[in-house]
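Engineer: Below, each chain spelled out in residue letters.
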Amino acid sequence: DGGITQSPKYLFRKEGQNVTLSCEQNLNHDAMYWYRQDPGQGLRLIYYSQIVNDFQKGDIAEGYSVSREKKESFPLTVTSAQKNPTAFYLCASRPRTGANTGELFFGEGSRLTVL
Amino acid sequence: KNEVEQSPQNLTAQEGEFITINCSYSVGISALHWLQQHPGGGIVSLFMLSSGKKKHGRLIATINIQEKHSSLHITASHPRDSAVYICAVQGDKLIFGTGTRLQVFP
Numbered sequence: 001d002g003g004i005t006q007s008p009k010y011l012f013r014k015e016g017q018n019v020t021l022s023c024e025q026n027l028n029h030d031a032m033y034w035y036r037q038d039p040g041q042g043l044r045l046i047y048y049s050q051i052v053n054d055f056q057k058g059d060i061a062e063g064y065s066v067s068r069e070k071k072e073s074f075p076l077t078v079t080s081a082q083k084n085p086t087a088f089y090l091c092a093s094r095p096r097t098g099a100n101t102g103e104l105f106f107g108e109g110s111r112l113t114v115l
Numbered sequence: 001k002n003e004v005e006q007s008p009q010n011l012t013a014q015e016g017e018f019i020t021i022n023c024s025y026s027v028g029i030s031a032l033h034w035l036q037q038h039p040g041g042g043i044v045s046l047f048m049l050s051s052g053k054k055k056h057g058r059l060i061a062t063i064n065i066q067e068k069h070s071s072l073h074i075t076a077s078h079p080r081d082s083a084v085y086i087c088a089v090q091g092d093k094l095i096f097g098t099g100t101r102l103q104v105f106p
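Chains as they are written, first to last, in our numbering: chain A, 1 to 115; chain B, 1 to 106.
Each hint should be verified, as a subset may be incorrect.
[As the list claims (entries may be wrong)] Once the Cα atoms are required to be at most 35 Å apart in a straight line, the calculated DSBU-like pairs of lysine-lysine come out as:
{"#": "1", "chain 1": "A", "residue 1": "K71", "chain 2": "B", "residue 2": "K53"}
{"#": "2", "chain 1": "B", "residue 1": "K54", "chain 2": "A", "residue 2": "K71"}
{"#": "3", "chain 1": "B", "residue 1": "K53", "chain 2": "B", "residue 2": "K93"}
{"#": "4", "chain 1": "A", "residue 1": "K70", "chain 2": "B", "residue 2": "K68"}
{"#": "5", "chain 1": "A", "residue 1": "K9", "chain 2": "B", "residue 2": "K93"}
{"#": "6", "chain 1": "A", "residue 1": "K83", "chain 2": "A", "residue 2": "K70"}
{"#": "7", "chain 1": "B", "residue 1": "K54", "chain 2": "A", "residue 2": "K14"}
[To be verified] Selected chain A positions facing chain B (Cβ under 10 Å, derived; list incomplete):
{"#": "8", "residue": "R44"}
{"#": "9", "residue": "I60"}
{"#": "10", "residue": "E69"}
{"#": "11", "residue": "T86"}
{"#": "12", "residue": "A92"}
{"#": "13", "residue": "G102"}
{"#": "14", "residue": "E108"}
FYI, nobody ran anything at the bench for these hints, they're computed from the structure. Idealized CB from N, CA, C, for every residue including glycine.
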């Protein structure tokens with residue numbers, strides 16, 4: 001079945017360590033997104049990519065990095081520079097870029113806890 | 001003031017009740033999404049609409065572009081409908097509401 005796979009589902013990290021969250025989709029979608037969810041807040045955009053080898057910063061990109069070397073993959077690295085990394089991270093994709101980009105598809109999320 | 005406001009924040013219902021969740025927004029949009037987030041965290045898209053009304057099973061979504069308002073209705077609610085329902089609007093960017101937590105008791 002087509003969909004988005006995020007891994008790991010749960011991740012614990014010590015302060016000062018970088019971690020990478022995986023996001024893979026087999027939907028042949030052009031656009032992919034990373035969101036962060038904190039209690040009591042709406043999803044906030046970290047990074048997005050509309051095409052392979054290109055990506056843009058979202059509203060809260062500081063302390064994060066991404067790559068888009070393949071259409072189906074959009075990994076997110078949470079670096080040690082991210083001041084408050086403990087959160088729930090969601091990856092999403094959409095069929096097209098620009099206006100009217102179609103229905104959103106989400107992964108199951110990755111919960112990162114910094115000890 | 002948030003650009004997307006949902007009400008209520010929390011909602012409790014008995015099985016079988018008719019549920020309404022509201023979403024008001026203050027920006028120009030091309031589409032509005034209703035999403036369902038399960039207790040485990042995964043999110044499923046329920047509707048994407050830009051005008052009028054859509055129906056899928058027991059779920060109905062309406063939007064009034066002039067009033068900048070959308071509603072999600074659940075008829076004959078069931079405990080498995082318990083989830084967080086999120087409204088998101090597509091303008092220059094996608095803006096998410098903070099969600100409505102629904103609990104349906106048998």
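Engineer: Work down the list of hints and note, for each, if the structure agrees.
Structural biologist: Cross-check of the supplied hints:
no., hint, verdict
1, K71/A <-> K53/B, "holds (34 Å)"
2, K54/B <-> K71/A, "holds (32 Å)"
3, K53/B <-> K93/B, "holds (23 Å)"
4, K70/A <-> K68/B, "violated (38 Å)"
5, K9/A <-> K93/B, "holds (27 Å)"
6, K83/A <-> K70/A, "holds (29 Å)"
7, K54/B <-> K14/A, "violated (47 Å)"
8, R44, "holds (8 Å)"
9, I60, "violated (13 Å)"
10, E69, "violated (24 Å)"
11, T86, "violated (14 Å)"
12, A92, "holds (8 Å)"
13, G102, "holds (7 Å)"
14, E108, "holds (4 Å)"
Going through the hint list in order, the structure does not satisfy hints 4, 7, 9, 10 and 11.
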